[in-house]
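A.B. asks: In case you want the letters, here they are:
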Amino acid sequence: MNVLKNKNFVRAYKIIAILLIFTLALSSVFSVLSFKYGDGIMGIKYLYKQDNDSVDVLVLGSSHAFENVNTGVLYDSYGMAAYVLAGSVQPYWNTYYYLMEALKTQTPKLIVLDAFGSTFNDEYSDNSRIIKNTLGIRDIAIRYKALKVSSPKDKFYDYLLSYRLWHSRYTEFGASDFPQYYKRPFWYYYKGFGVNFTTKSQNKPDPDKITTETPLFPKSEEYYRKIIELCKQENIPLLIVKSPYILNEDSMKKYNMSKKIADEYGVPFINFNSSKYYNSMKLDFSKDFADINHLNYMGNVKYTKALAEEIKKRFDIPDRKGQQEYESWEMHSKDVLGRTENQYLKNENNVGAYFEKLKKERYVITIATISDTDKILGKCKESLEGLGIDTAELRDGRVYVIRGGTVDYSGENSFEKMIRLDNHVLSFEKSDSQPELSLKWDGKEQISEKKGCYVSVYDSFSKELVENIRFEWSGSATVKKPAVEKK
Amino acid sequence: MQFISIGFLVFMAVFVVIYSVVPAKFRRPFLVICNILYYITWAKSVFDLIPIVAITLITWVCALIIKRTPGVRTRKIALIFSIAGCIGSLAYFKYANFLLNTFGSIMGFILPGEYNYKLNIILPLGISFFTFQSLAYVFEVYKKNVAAEHNLITYAAYVTFFPTVMSGPIERPTGLLRQLREDELQRADFAELKSGLLLVLYGGFVKYVVADRLAVFTDTVFNSYMAYGSTELWLSAIGYTLQIYCDFFAYSVMAFGLAKMMGFNIIENFNAPYLAVSIRDFWRRWHISLSTWFRDYVYIPLGGNRCSKLRKNFNLVVTFLVSGIWHGASWTYIVWGFLHGLYQVIGDLTAPFRKNLYKKYSFKTDRFGFKLGQRLVTFILVAVAWIFFRSATVTDAFLYIGRMVTNFNIWNLFNKSIYNLGLDAVQVSILAIALCVVFVLDCIKYRTGRGIDELVLKQNWGFQGIIYIVLFLAIFVFGMYGPAYNAQEFIYFQF
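These protein sequence lines map, in sequence, to chains C and S. Every letter in the first sequence is one number past the one before it in the numbering used here, and letter 237, counting from 1, is 237. Take any residue in the second sequence, count from 1 to its spot, add 487: that is its number in the numbering used here.
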């Protein structure tokens, strides 16, 4: 007891208490303010969350890897447990250190490297790419080495002491800076892949005619070889690929050179930029691209399947489907495929087909009607009944909430009802003096019109709003009108 | 090595630990070694140490001669020699190019042609401070107020004391040197360590959150003042007035805190100067170590106020002109010093008239409203003088002031255009909150004489801890540093 009353002991206990609070406060600041780029830093941060030695196929590279190699499809269709460890415009020297870091916890059965890095001609990336491709590395020694080769000398210490770069990020705070944001399945089961839902028509390139080579940028070649040598040293098979994109002549020559170097090491190199693969994949350049560099949700499935077939031909990758330890891949796949389905639902303009596509257990569907209900929904009576709605009582002024395939709520003129969907609130507002029915999502008005049938679709698995739309009777047909968020 | 940097943090931590554990007799040499190491971190080469070493040796030897020689003549020669050494080196390093430039301008005025004379001189860091600190010692030895220091290590520790060497406060032998002379140098106790750390953190907050944030705004306006109207120019003048205070106050309070962490008490350089009710009062509160230096070694030797009114005012103007010159080799500083001298002369000459006026109209001069008015007038006068201090040339300063009173655009205060002057709404909000903290603490200091350390350290330990954490995090998050923003050096480093 005397020890406890000792002045120095009490002082030490106070200092320790304050230091603990200080550490807690500082770590909270670090957690909130530090960089969280989805196209770089989060890829490696989530690799650390995977069970040790659980990744069978490790995909490396740039955005050409994380937007094109669909890990959901690889698991769902081929049972491959793949993880894309990539970063935006990632040069080979960053890929090399990412690989080195990954091999500390994972022993993949195959490494797939996207060769976009072969086209880089600069000694250093731009500031944001240096951040994205280095600051997620947890091992201080590896991060130090990665920064040494990535950063211009005069900025090295700014990157090394990264707080100097991010301490003032309070001006750009967003939901993604707080832990709650990462509880969504997209992040919870993240495997490094992100679907791009944009569609932009592209001109089909003609890479077959380019058969010559051009040397790689020396630093790129040095680290390209280092990656190959590291895989050899670790006895991990390597497959080098180039995913389809709208490439130019110089890039094609560099891929030819990359193939030549790969051949030196006996490493397979597949360039999917050829008529042969374009045709076998049935790649549609008017629909399958998000932009000049990336495949979209339709294109990545085609490419991923072609890639998986090539992998199957050459390597023996275990089928993990149904294995308890691979549940997170199962859920990831469900999330990716579900969100792709959501996109197809959004694309659907046929009313009947639309209601057919709504028949998914994961959807929470809210239907509110103000006018022309019988005409609008007349064409899809069976579909509505399929959703569980009693069409006999369907009339203007009703609200239905359908959860898990059954009607959870139905009421007449009950526009005051607020529907809670996880952390979101869907609400309607209509007063007698106002003819418009207002649909609000999290308090923000999405639709406010005098007539039609409002449909709000929420994906309860991905915890995302799919869309708020309105059908109206126009002329002699039902027309789907997208909601426009009003500020 | 800035006081708020990882390098300095390590340096200080190592220093405090070693200083605490080494036997007392080794603390003085250890302190000198650390002083030199700190100075070297700012120096470009070892040769940059020559001026500070030379000044230390010259003044140390001269003081010993003054002490040991009974002859008045020799004592005076030694005194003159040390003054010549200090002022001469200051004149050479700081003013040679200014004088050559002025000479060239005069030549150009008399004879046709261009006369550009320039010497390649690098100004030794902290020269204005360590020369004045050394001179103060020689003067006091000469006046027999202080005994000459026999031990060179002790004296070198005084001249090169690392918390103050770069930017003051200008210590006196009766203060720091007396403490360094104690038989056994005391290390800081726990209370002093806590107090010192709190002051360093508060200084860091004032510098990195307030002063450097204000600098973004004032630099934007001052660097292209012709593009702005009266609203921006007034705001910027006020902004610079606050910036220079926060910048220099921050350095001084950090130096005070560091010295405290080492077990020393040094001069407090500021005492809520912008709450002064007159220019004279302002100078009792602003850069106290320098203003008392000039009072003791320039103003009083000139005759002080124990002479005719005319002579007294002449002495005042001369003292402030010298103060202006001390601040920098430029006409802008000379005009700034002259203005402050002029303010005081006018204040002195109009005092009877003002007194009669207050009496005639029954003004109660002890009321809040009256004091507030005095403070506002003083603040504006000081702010106008700072325009000369900040401007590149005297002409720029006059043009700036001209636009302040002619290009009216008061509506810009309300149309959010001020958010386009380098600081957006978020940054302005942070600045406003931080300035409020400084203002409130200055008001408390003015009223009670208590600084932040005295206020906080009498609270419960939990609350104290939270204040430390909040100050640290405020600097860490809201401080203006990093590649997105090049942190400003302390303004007074250039002097």
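Be a bit skeptical, because a hint or two may be false.
[To be verified] Once the Cα atoms are required to be at most 25 Å apart in a straight line, the calculated DSS-like pairs of lysine-lysine come out as:
no.	chain 1	residue 1	chain 2	residue 2
1	S	Lys531	C	Lys155
2	C	Lys14	S	Lys531
3	C	Lys379	C	Lys360
4	S	Lys531	C	Lys7
5	S	Lys531	C	Lys153
6	S	Lys681	C	Lys480
7	S	Lys681	C	Lys7
[To be verified] Computed far set for chain S versus chain C, every beta-carbon distance over 10 Å:
no.	residue
8	Arg890
9	Val913
10	Asp929
[What the hints assert, rightly or not] Stretches of chain C that chain S covers, calculated by requiring three or more beta carbons in the stretch to come under 8 Å of a beta carbon on chain S:
no.	stretch
11	139-145
12	150-163
13	225-233
14	457-468
Everything labelled a hint here was simulated from the structure, so no lab data went into it. Keep in mind the model is a prediction, meaning the values are calculated, not measured. Note that beta-carbon positions come from the ideal geometry of N, C-alpha and C, so glycine has one too.
A.B. asks: The structure should be examined with respect to each hint, and the outcome stated for every one.
C.D. replies: Hints and how they fare:
1. Between S/Lys531 and C/Lys155 the alpha-carbon distance is near 20 Å, which keeps this suggested pair within the 25 Å criterion.
2. In summary, the hint linking C/Lys14 to S/Lys531 is not supported, as the alpha carbons are separated by about 43 Å, beyond the 25 Å threshold.
3. For the hint linking C/Lys379 to C/Lys360, the alpha-carbon distance of about 20 Å falls within 25 Å, and the restraint holds.
4. With a C-alpha separation of about 47 Å, the suggested pair S/Lys531 and C/Lys7 falls outside the 25 Å cut-off, and the hint is violated.
5. With a CA separation close to 19 Å, the supplied pair S/Lys531 and C/Lys153 stays within the 25 Å bound.
6. Between the alpha carbons of S/Lys681 and C/Lys480 the distance comes to roughly 69 Å, so the proposed pair goes past 25 Å and is violated.
7. With a C-alpha separation of about 16 Å, the suggested pairing of S/Lys681 with C/Lys7 holds against the 25 Å cut-off.
8. With a least CB separation of 31 Å from chain C, S/Arg890 remains clear of the 10 Å interface cut-off, as annotated.
9. Interface exclusion of S/Val913 from chain C breaks down, the closest Cβ pair being 6 Å apart, not more than 10 Å.
10. Its beta-carbon lying about 26 Å from the closest one in chain C, S/Asp929 satisfies the requirement of being farther than 10 Å from that chain.
11. Under the rule that three or more residues need a Cβ within less than 8 Å of chain S, the assignment of the stretch 139-145 of chain C is violated, with 0 such residues.
12. A stretch counts as covered by a chain when three or more of its residues have a beta carbon under 8 Å from one of that chain; for the stretch 150-163 of chain C and chain S the count is 4, and the coverage holds.
13. Taking a C-beta to C-beta cut-off of 8 Å, the stretch 225-233 of chain C contributes 0 residues in contact with chain S, too few for the three needed, and the coverage statement is violated.
14. Residues of the stretch 457-468 of chain C lying with their CB closer than 8 Å to a CB of chain S number 0, which falls below the three-residue condition for coverage.
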